[in-house]
Amino acid sequence: MLDIRPILSTLHRHKVTAVLLVLEIALTCAIVCNAVFLVRQRLDWMQMSSGVDEAHVVDVRPVAMGGTLESHGRIEETLASLRNIPGVEQVSLMNQIPLGKESWNAGIKLDPNVVAPAMHVANYYGDNAIPTLGGQIEEGRDFRPDEYAWLDDITSGRTDVVIPHVVIVTRFVADQLFHGHALGKVLYLDDIPMRIIGVTRNIVRPNVFDRATTYGSIFLPVHMTEGLGATYVMRTKPGQGDSVIKAAAAKLRELDPNRVILSKRHFSEVRDAFFASDRAMANLLVGVCVALLVITALGIVGLASFWVSQRRRQIGVRRALGATRRDVLRYFQTENFLLATMGIALGMVMAYGINIVLMVHYELPRLPAAYLPMGAIVLWALGQIAVWAPAHRASNVPPVEATRGN
Amino acid sequence: MGIEFGYHLEMAVRSLRRNPMLTTLMIVAVALGIGACMTTLTALHVLSGDPLPGRSQQLYMPRLEPRSKDSGEEVLPYQLTWTDGMALLHAARGTHQALMLGGSATIYPDDPASDAFIAPARYTSADFFPMFDVPLQFGQGWAAADDENRAHVAVISDALNQRLFAGENSVGRSIKVNETSFRVIGVMLPWRPIPHFYDLSVGDYAKAEDIYLPLTSARTAHLPRDGGIECWSGGSGDEENMEAAPCVWLQFWVQLDDAAAVAAYRTFLDGYVREQHAAGRYEQLVPTALTGVRGLLDERKVVPGDVRLQFWLAAAFFVVCLVNTVGLMLAKFMRRAGELGVRRALGASRRDIFAQLVVEAGIIGLAGGVLGLGLAWVGLLLVRINPDRSAQLAHLDVPMLVTTFVLSILASMLAGLFPAWRACQVPPGLHLKSQ
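Top line first, the protein sequences correspond to chains A and B.
Once you know that position 277 of the first sequence is 286 in our numbering, the rest is easy, because the numbers rise by one and skip nothing.
Once you know that position 270 of the second sequence is 665 in our numbering, the rest is easy, because the numbers rise by one and skip nothing.
Don't read these hints as lab results, they were simulated from the structure.
Don't be surprised by glycine CBs; every beta carbon is placed ideally from N, CA and C.
Misleading hints may appear alongside valid ones.
Said to hold, decoys possible - Heads up, simulated DSBU-like pairs for lysine-lysine below, C-alpha to C-alpha not over 35 Å straight-line:
1) Lys571/B x Lys260/A
2) Lys602/B x Lys571/B
3) Lys464/B x Lys273/A
4) Lys194/A x Lys464/B
5) Lys260/A x Lys602/B
6) Lys571/B x Lys255/A
Said to hold, decoys possible - Derived Cβ-Cβ restraints for the label pairs, each shown as a range:
7) Pro377/A x Glu405/B: 52 to 60 Å
8) Glu278/A x Thr575/B: 43 to 51 Å
9) Gly189/A x His617/B: 44 to 52 Å
10) Pro507/B x Ser58/A: 48 to 56 Å
11) Ser628/B x Glu372/A: 27 to 35 Å
12) Asp251/A x Ala639/B: 24 to 32 Å
13) Val681/B x Ser165/A: 27 to 35 Å
14) Ser165/A x Pro507/B: 30 to 38 Å
15) Ser165/A x Gly623/B: 20 to 28 Å
16) Leu777/B x Leu271/A: 26 to 34 Å
17) Leu17/A x Gly690/B: 55 to 63 Å
18) Gly567/B x Ser80/A: 20 to 28 Å
19) Pro377/A x His790/B: 38 to 46 Å
20) Asp652/B x Asp251/A: 52 to 60 Å
Stated by the list, open to error - Covered stretches of chain B, going by a simulated chain A footprint (3 or more residues, C-beta under 8 Å):
21) 444 to 458
22) 692 to 705
23) 708 to 718
Generate coordinates for the entire structure from the input sequences, incorporating the hints supplied.
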C-alpha cells in the first residue's frame, strides 16, 4: 500500500483515460446491481405457489365443431367416463384453470348498498373443483351435491332454477375481507347474498393482472357446460399424467366425434406458459450482465496494456533502483484497485439513481443495501483478474529498460 | 478531396492493422453495443408501430357509460352494448363507422376428404373495409343493404383463400360456416394491423381474422362469438338474450376526418347520452370520450413494459461500450504520438491528422456495425424463439438496417473526436528530438 502516492501522481498524468475507466466501472456497477435485482424479483415471482397439486394435474380442452354441448346428461356421462380412466383420481369440467390465459371475474361486495366492490376476484366453476386441483379446505366444508346448479340454467333467467347461495373463498379473501373469520359470513355477488361455507388454502387466479390480488379467488357450486373455454381438469395418480391425457383425449372424441381437442396439457406447461416472458426477461438480464462484465474486463485489459507499454522506461528505472517483480505486479494491482474503488463508489450513487427511476416507472421496491457490497466485490475481483496479464507483463520488464531512450 | 480521403483511409487501415488487439477490442465493443441496441430497438419499433399508417389518426372509438351505479368501475368501457352500437351505427354521423365482434367460424371445406377446421372470424358491418382501408385482391366488401338484409356474404383472407381455393379468384364460390352457407364476395390481400387495435380483447398482437361476415347475419346464424364481455345488474353471457342483455361486448369505430368532425361527433355523443339518461336507460350521466388509436394503445399499455425496459438496458449497455471505446481509442492514438509528431514535423497540418484519426474511428464504427448487424440478427432470432407471442413479430427491416450503420459509424466517430483532438495536440518537434 506504500505505492499509493506514486500511483496517484502517475494517474494524474493519465487523467482522461483514468476517468474513462472509472466511469466505465461505475456504469457497469450501477447497471449490474439493478439488473441482478430485477432478476431476483422475477425469480421470486416465478417461484410463487399456485396452490395447485402441480405434479398431478392435467387438463384437456375440447371444442365442439357443430355447436356446443349443452346437454346436462351428456356432460355427466362424459365426466363419469373420464373418471373411469385408469390413473384418474378426480375430474372436473371447469370454466378456467389457475394461471390460465382467459379469466372469469366478478366484483364481490360486503354490503349491497355500497357502490364499489370490495374486491375483484376470479370465480371458479366446476364439480369438485377444489379436490381436483389438489386444493385443501382449511375451514368449513366443500359443496354438497344438492347445492350445485347448471351454468346455462342460471344464465337463462329461468325462475324455477335454484341459484346457489353458498361460496368457498381462499385464505387470502378471508384474511383481506373478513380479518380471517370468514366462515358463515355473507358476501354479495351481483347483489345476490352468498354464505361462505368454506375457506380453502390459497389458489392462484388465472390471468393475474394485479399482483396485489394474486390469490383473490372464489369457488361456486356450478356445473359447467362445454364451450365458453371450459376444460376438463383431472388429478392423476403419480406418473400417470401422460397416459391420462392420451386416454382422455381419445375418450372425448369417441363420445362425440364432433369434438376437436384444442389443447391438452400438464399443469407444468400452463405454469411455464404463464411465466414465459418473465423467464425470457430474466435470461436477457443475466446475458446483459455477463456481456457488461466481459466488456469492462476487456476495457481494463486494453488500457492496462497501454499503460504498461507507455511506462516501460519508468518500470525499468524502478527495477534498477531495487524494486522486485512482485513490487511491480503489486503496483499495477493496487492501481487497478484504486480505480475500481473510485468506480464502485460512483457506481453506487448511480445504482440508487437508476433504482429511483425504476421505482417510479416500474413500481419496483427499493434496492436492498446488500447488493452494493456484492457488486463491489464482483468488480474488485473482475479488475484484479483483468489487470493480471498486463501487470505480469510489466513485472517482466528488465531493469536494463531504464537505459533505453524511449 | 477525394485523393485526400483515400489517403486517410489507407493510413487508417494500415494503422488499424498494426495494432490488432486494440482494434479488435474496439470493434467488438462497438458491435456488442450496436447489436444489443438494434435488437431491442427493432422489437420496440415493431411493437409500438402505427397499425394503419395514414389512416389511424382519423379513427376513433366512442366510449359511453351504460353501466349501473354499482359497477364501481371508473374507466369507461372499451365496448358497447348491442342497443348503443346499433344506435351509433344507424346514426351514421362519421365518414365511416363499423360495429364489430370477434368470433370463431367452423369451416367445412367442399372437399369431403378434408376435415372441418375453426378459423378466427370477425362479424362486422359494411364500412369495415373502406374505413380500415382493407386491400382486396378480388371482389369487394359488402354494402350497407347486405347488413340490413342479413345477407349470407363473406370476405375472406388471402390465407383462407389459399387453403380453400388454392389462391384462385373465389368470388361467387360458397363456404359452409357452421350450419350456414356464405357466398364469397371479396378476397383480401395479406393484411395485418399491428397491434390488433380494433379489438384488443382477442389479443394485443392477434392476427387479422380469416373470414368477415355481416354482424347481423352471423348473429342470426348463431355463430359463436369470441372476446371480452362485461356484464352488470345480473346480466350474463347467455346467447339467446345477448342483444338485450346489460353487457358490453361489441367494438365500434368511427372515422372522423378533421377537428370539426371530431367536435361535431362529441356533441352528438353527449346528446345521445343525455337522451338515454332522460329516458331512464342510463343510470349515470358520465361524460363520453372519443379515444384515438394511439391514445387507446397508450391507455391499454399495449407495448409490454418489459420491451421498454429492455431498450433502456441496451442503451445503457451501448453507453458503456462507447466509454470503453473512447478509452481504447485514446490509448491507441496516444501510443502513436511519436509517429504523429514526425508527420507534423514533415508538414502535415493538425487538420490532416485529425481527419485521418476520425476516419480511423469511422472505420472501426463500420466494422463494428457489420459485426453488430450480425449480432442483432442473431439477437432477433433469439427474440423470436421466445414463446411470448408479441415478440415474434420483430424483424429487421430496411430503415432499421440503415439506422444500424448510421448509428454505429456516427457513434464511433463521436467517440473518436476527443481522442483525435488530444492526439493533434502533440507538438511536432518534441518526439523528433527524443528519438
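Hints and how they fare:
1. Lys571/B x Lys260/A: Answer holds: Lys571/B to Lys260/A is near 28 Å, not above 35 Å.
2. Lys602/B x Lys571/B: holds (22 Å)
3. Lys464/B x Lys273/A: violated (41 Å)
4. Lys194/A x Lys464/B: Within the cut-off at roughly 25 Å; holds.
5. Lys260/A x Lys602/B: holds (32 Å)
6. Lys571/B x Lys255/A: Holds, at roughly 31 Å.
7. Pro377/A x Glu405/B: 52 to 60 Å: Between Pro377/A and Glu405/B, where Cβ atoms are some 55 Å apart, the hint holds.
8. Glu278/A x Thr575/B: 43 to 51 Å: Taking Cβ atoms as reference, Glu278/A and Thr575/B lie about 36 Å apart, which means the hint is violated.
9. Gly189/A x His617/B: 44 to 52 Å: holds (48 Å)
10. Pro507/B x Ser58/A: 48 to 56 Å: Since Pro507/B and Ser58/A have Cβ atoms about 51 Å apart, the given range 48 to 56 Å holds.
11. Ser628/B x Glu372/A: 27 to 35 Å: Hint holds: Cβ distance 34 Å, inside 27 to 35 Å.
12. Asp251/A x Ala639/B: 24 to 32 Å: Hint violated: Cβ distance 47 Å, outside 24 to 32 Å.
13. Val681/B x Ser165/A: 27 to 35 Å: holds (31 Å)
14. Ser165/A x Pro507/B: 30 to 38 Å: holds (37 Å)
15. Ser165/A x Gly623/B: 20 to 28 Å: holds (22 Å)
16. Leu777/B x Leu271/A: 26 to 34 Å: With Cβ atoms ~29 Å apart, the hint holds.
17. Leu17/A x Gly690/B: 55 to 63 Å: holds (57 Å)
18. Gly567/B x Ser80/A: 20 to 28 Å: Since the Cβ atoms of Gly567/B and Ser80/A sit about 39 Å apart, the hinted range of 20 to 28 Å is violated.
19. Pro377/A x His790/B: 38 to 46 Å: holds (39 Å)
20. Asp652/B x Asp251/A: 52 to 60 Å: holds (59 Å)
21. 444 to 458: That given contact is violated, which follows from only 0 residues of the segment 444 to 458 of chain B lying within Cβ reach (below 8 Å) of chain A.
22. 692 to 705: holds (count 5)
23. 708 to 718: holds (count 8)
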